[in-house]
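Q: Top line first, the protein sequences correspond to chains A and B.
1 is the number of the first residue of the first sequence in the numbering used here; add one for each residue after it.
114 is the number of the first residue of the second sequence in the numbering used here; add one for each residue after it.
These are computed hints drawn from the structure, not numbers from a lab.
Glycine included, C-beta positions come from ideal geometry on N, C-alpha and C.
Honestly, I wouldn't trust all of these hints.
Claimed, not checked - Here are some, though not all, of the chain B residues that point toward chain A, as calculated from beta-carbon distances under 7 Å:
id : residue
1  : 152
2  : 155
3  : 158
4  : 178
5  : 210
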Amino acid sequence: AQTVTQSQPEMSVQEAETVTLSCTYDTSESDYYLFWYKQPPSRQMILVIRQEAYKQQNATENRFSVNFQKAAKSFSLKISDSQLGDAAMYFCASGGATNKLIFGTGTLLAVQP
Amino acid sequence: NAGVMQNPRHLVRRRGQEARLRCSPMKGHSHVYWYRQLPEEGLKFMVYLQKENIIDESGMPKERFSAEFPKEGPSILRIQQVVRGDSAAYFCASSLAAKYEQYFGPGTRLTVT
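Chain A on its own, in the form it takes in the complex (with noise of 0.2 Å):
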């Protein structure tokens, strides 16, 4: 069975600065991908970053990056720059041969002005 868990309930990060969000996962399967997803206060789902287990280099997206450790199982998330809208709950998802995803229970950002 596959796990998710993001230990840091709540972070906060001054406008323009840089932050780390942490998720761990936990997976029997060898062909796996992983998800950052951002939910704002609107509740819509928006794709932040995907990743693919085989792939060895870092996904990044914009401001959006990760650090991939498949040995530790570990998937951060970094958010360079931060603006205000980025202000949402983060979730990490993995999913793998059954396409399901399992989503971790959220990190809210908040973003100080």
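Fit chain B to the supplied structure of chain A, relying on the hints for placement.
A: Then chain B, alone, in the frame of chain A:
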């Protein structure tokens, strides 16, 4: 290119009534997933469907819940004889194929009074 559509956005039902939630996937997507989000929690997988087929319903409660994705028309999540514990946000996601990114709709917030 329209995203995943869900309706209604808000649904209020009295205990014992039926709730029908609709999901139209993104154009060209034939894989649909339903997730449930209880207050202050992450999303939990319910069911995965392809056109006319249920692929994985391991997250569906055994009674009162059913889902379909007909050849024509939206996917439907049906909850019979609703109880207060069914109050939650129900999200639909779609993907182009298995193991591809899942794109989420805005969710349906079900309130059972």
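Q: Hint by hint, which ones does this structure get wrong, listed from lowest number up?
A: 1, 4 and 5
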